[in-house]
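The listed protein sequences derive, respectively, from chains A and B. If you read the first sequence in numbering that gives the first Met the number 0, its first letter stands for residue 0, the second for the next number, and so on. If you read the second sequence in numbering that gives the first Met the number 0, its first letter stands for residue 0, the second for the next number, and so on.
One thing to keep in mind: the hints can contain errors.
What the hints assert, rightly or not - Which stretches of chain B does chain A cover? Using the computed rule of at least three CB atoms under 8 Å from a CB of chain A, they are:
hint	segment
1	151 to 160
2	252 to 261
3	350 to 364
Said to hold, decoys possible - Quick list of in silico lysine-lysine cross-link-like pairs, BS3-like style, CA-CA up to 25 Å:
hint	chain 1	residue 1	chain 2	residue 2
4	B	Lys362	A	Lys88
5	A	Lys136	A	Lys187
6	A	Lys187	B	Lys433
7	A	Lys164	B	Lys256
8	B	Lys343	B	Lys250
9	A	Lys164	A	Lys79
10	B	Lys62	A	Lys261
11	A	Lys192	B	Lys303
12	B	Lys339	B	Lys303
Keep in mind the hints are simulated off the structure, nothing from the lab. Note that this is a predicted model, so its numbers are computed, not measured. C-beta: ideal position from N, C-alpha, C; glycine also.
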Amino acid sequence: MHRLALILLAVLMAPVPAGAAVFNPESFQLANGLQVVVIQNHRAPIVTHMVWYKVGDADAPEGQSGMPHLLEHLMFKGTKNLQPGQFSKIVARNGGRDNAFTGSDFTAYYQNVSADRLELVMKMEADRMANLTLDPKLIETERQVVLEERRTRTDNEPSSRLREKMGPEQFAVHPYRNPVIGWERDIKAITPKDLKAFYQRWYTPNNAILIVAGDVTPQQVLGLAETYYAPIPARPLPKRERASEPPPTGPKIVELRDKSVKQPLWMREYRAPSRRLDPEGQSYALEVLENILAGGATSRFYESLVVRQKLAASAGASYSADRYDYSEFGFYASPNPGIPMARLEEAMESEIARLTEHGVTEEEVARAKGRLIDAAVYARDSLAGGAYALGRALGTGQSIDQVENWPERIAEVTADQVNAALRAVLTPKAAVTGRLLGEGM
Amino acid sequence: MRRLLLALLMLAASAAQALAAPPIRVISPGGIEAWLIEDHANPILSLEMAWRDSGAAYDAQGKEGLARLMAATLDEGAGPYDSQAFQRKLEDLSIKLSFNAGMDMMQGSLITLSRHRTQAFDMLRLSLNQPRFDDDAVLRIKGQILAGLARSSEDPQTMVSRGWYAAAFPAHPYGRVSDGTQDSVAAMTRADLVAATQRLGRANLIVGVVGDITPAELAPLLDSTFGPLPAKPAIHPLPSAEVGIPAQGIKPLVLKKAIPQSVVQFGFAGVKRNDPDWFAAYVLNYILGGGGFSSRLMVEIREKRGLAYSAYSYLYPFNQAGIWIGGVATRNDKVAQSIKLVRKELARLNADGVSAGELQDAKTYLTGSFALRYDSSANIAGLLVAVQADHLGIDYLDRRNELVMKVTQADVARVAKRLFKPENLIVVVAGDPKGL
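Chain B with its partners taken away, still in its complex shape:
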């Protein structure tokens, strides 16, 4: 394949144009809200859900990895069904139910055929309200997470990512590994899991639904499924966070590893999603490293010089801090040159901003490609959740392209001046780089 597929573009930043139907707000008799796009073309329904302020960052000190473990065990037995019986029922009805823990939010996904809709919602209800957390199931999932930690501890991409976050957030939960540590995962108890379910309340719930269901059919299912959750979640607030500056100055942090190609991650403070300059930053990122072959990093590092297969950047807006991350992988004797090229582009953008042509190209791409997100029901439902999570409003999908088009060269230059300070760049390398 010619390009790494980066699943990293921010969901919330893209928007819709011309879906068959706009989302509508469904409010159940019990007061639970969901955004719905009805689509009866296929007998399928996708429901995506999330809980604000409930993710891995909210794991207490010493309990790192709790949200992740809960996400992996909610579907390991609930109500009358032990783990195997629960999974067997899902499989026999072709119901796809899963949970995962992001840094800020716990998320879940339910996909079902229309003919099994009632049972699907029932299985979701059980997993949320009566999870069993049986000892053998929890032990087994812990083993899988520990095996994953062992495997990823030697993966150079994971090494630089963990190294970077630890350096950027030395004293904040964002700097931790969301899967936890060997010790913290091993020590987790059933009581910890039960306590963690209290993060999943009604007040912090977000729901997006796409597919073969009407508002009248959806409303009672919202009540029966989510109604039993605690009204208010039990969550300790997260302190605000600042991305640190490089502790060792301009010198990259090197994680030694005997491999032929070094993997590099670099980054510094970005913008939060509610920053007035969000779209200016988004456009700037496209020009720097978010735009595949057209981006400056790709042109300078890959197209002109053949130094790497992939060179990219992206914005990652946590609730409490925005970050701007990039990466490149290149053979050990080309690491110094590649990092120099990154710094040069950042300095150039800081000094000169972007050209009118670059801005124009970025806008036509970012507005024109919006609809490509509508590839599947689950993707669209996920988008409905992201828009709610970021408080963008139900008409956001219609407004989004205007917001991109409003960005000016001066806006982009201002953001580059404010954020692109090469001396703030935290650079982490895994490999055996020469001449750094």
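Just chain A, same shape as in the assembly:
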């Protein structure tokens, strides 16, 4: 999941010259509420077919973290019309690849196939939107698979365990405190009944987005969608109500010490606005800021910590506006051999202090904006890239216009706006620090 998140971030950070649209999608809505988005790309006779459900781990009931992800696995385990495991087998037999992924705010399923197999995969995807069987025996086997997945991603990986510990410090009550894969005790406690209720509540066409990118026309996609998705009736959709997080009361520090850690890591996260909940438009300014701080070998943190002071092997920042509720603005650094964690932390903090005190310069903002806008041209080159970028945006409550207008909004960002945004976000009370250390460090 982490790796994917980074790829997607890079794609969306990568949108277009001012005035030009990014992906030029066409969009429709079926009578049952299903949103249909088509991005044409005729380089090769292939398509990406995706369905995004506007539901993710943060919509799981209390004590059932990880359930949306377990359900994602079970979507491959049979319907009234299809035997368990057949979905992927049929896709493969037709020369396609399929998979799925779950985030805090969305769950998505996709198939990459030859364009003439679009109808086949659409028929199967529509089938599992309505007809999942959820066999209790298969749930037990898949629960074991997910526990192994958790061991691979988290239990075996000290930096993931540190991130997992930082979540509850950043969010006292909001479900973003939970890891998307779920806490082990929650994964073990989920019942077939829970899964069924969740599937029925959220897996409905009026809560889904169909995205098709590739060698097709909007008319073809719409015709097929009318045949396969339109017959699925809409159901009343619950409101997406998550606990509202009180203002931060930090600073907070989380430390994880593990004797297997040979290369320490320092992290700092601040609560920040998402694109959806961003009345002042700070998210665009924060994207420019992120590029100034971490956009490459001449960016601020790399230049200062790695090149000039020679304290760190790597240093940078991260931010994504693609969250439904809150986002986070993060910093990270990993020390050079022999540099104590305290020294590194002090240097990072003094860079952050310099930032809030003096702000960024007009020149830094101009350079970052140029890079971001050029990146939009690159984003169009990849077939799946546009589908992912639009899915993430729409899945987190944004509009197609927001994606398409992104380059223009970036072009409008001023140094004053960046400085106002960073001063609003980078406050000591909102800071959660993570330290990953080995023995005797």
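For this one, chain A is given, so just place chain B on it according to the hints.
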């Protein structure tokens, strides 16, 4: 995510069907060849390049990691630009330039917008022909490589991979860590780097280009960029290699580590890319562990028993040896059972081959999915390089699916008999496995 995304499928093994245009051969006035697919849909150009027989395996004894260090420092300052000035120019023009060192080949990648094409080729020319290797830049990159070595030394996946290669190639450079060792990296000098650039010649250069450029525009850029390279590279030939057999018999090699899940890598000799049985092996691998959910390892280990999140296999054809690798990660008390299941499937394939249905499914997948490789300009350009590297011919993309379709059940059975000998399997485990 439901499946680990394995970036391990062999590039050269897949092929094209129906790209907008087939590749053409562009030969510059100075005699430099590139394969080009013109595509003017976006104002973007991707150039991928590689140099035969120049990768990490060609680092001398005691200089392990030199190719890797060179790859990481070629773009750290060149010609009139020091490291920061060079990087700043790339960033301000949104030019993506990078190099990396594979075991057999050094590789590079240049991606640019059309409006900065001239400057992009110029930056590539400088990095190849006038790299500075300034002391502070080299020292900084060494520090990053050393930090990476420290981090990966505790990563169970890296541990089993290194353990496996060391066991399979105890006396050949393929058994070494391509990033080098703490000692070898620390001792590397500027003179070593300068000497290593002599591996990058014109005679061993391979170029693939996709995007917004015509043959007439490309040809002079090939000359100005690659023309100044030495005609012949300075390379010591690599001895041929054989994958060893397990030194300690059937008992897995265990790298003790206190983690809840053990990571297992297993493998034995495979086939080289020029082996007449390459496609039979490729089909067999799909059936064993290359085919996601449909593969035997995935069905037996994950789907039926829930023992692991991922179980896979792949072929890796080095120039001097083919290898067949697989892996699984499972909780410590299930390691013995999982390895037993792997051995059982290998023995079953050795004895019985594959069914007609399995063969048919493998063929429809492998031929039907070919075009999915054409997702981006850089991917297609990389494919053009891989086809040249393996001497497959410029019409390979059109022929490739036929070659897959020709594979018979008897071909697959023959390969399984020849290679799937469970007693040859080298098994390495990182973790705290029980009952092995």
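To see whether the hints hold, each was checked on the structure:
Coverage of the segment 151 to 160 of chain B by chain A holds in this model, with 3 residues showing a Cβ closer than 8 Å to a Cβ of that chain against a need of three. Figure legend: the segment 252 to 261 of chain B, annotated as covered by chain A; annotation consistent (5 residues with Cβ-Cβ distances under 8 Å, at least 3 required). Closer than 8 Å: that is the beta-carbon criterion, and the segment 350 to 364 of chain B has 3 residues meeting it against chain A, so the requirement of 3 holds. Between Lys362(B) and Lys88(A), the direct Cα distance comes to roughly 13 Å. Compliance with the 25 Å bound is thereby established for this hinted pair.
The hinted pair formed by Lys136(A) and Lys187(A) meets the criterion: a straight-line CA distance of about 14 Å does not exceed 25 Å. The straight-line distance between the Cα atoms of Lys187(A) and Lys433(B) is roughly 23 Å, inside the 25 Å bound, and the hint therefore holds. Restraint check: the Cα-Cα separation between Lys164(A) and Lys256(B) comes to about 22 Å, which is no more than 25 Å; the hinted pair holds. With a C-alpha separation of about 15 Å, the suggested pairing of Lys343(B) with Lys250(B) holds against the 25 Å cut-off.
For the hint pairing Lys164(A) with Lys79(A), the CA-to-CA distance comes to about 41 Å; that exceeds 25 Å, so the pair is violated. Between Lys62(B) and Lys261(A) the CA atoms are separated by roughly 23 Å; this keeps the pair inside 25 Å, and the hint holds. Distance restraint check for Lys192(A) and Lys303(B): the Cα-Cα separation of roughly 23 Å lies within the 25 Å cut-off, and the hinted pair is therefore satisfied. Only pairs whose Cα atoms come within 25 Å are accepted, and Lys339(B) paired with Lys303(B) is accepted, the gap being roughly 15 Å.
The earlier numbered hint that this structure contradicts is number 9, and it is the only one.
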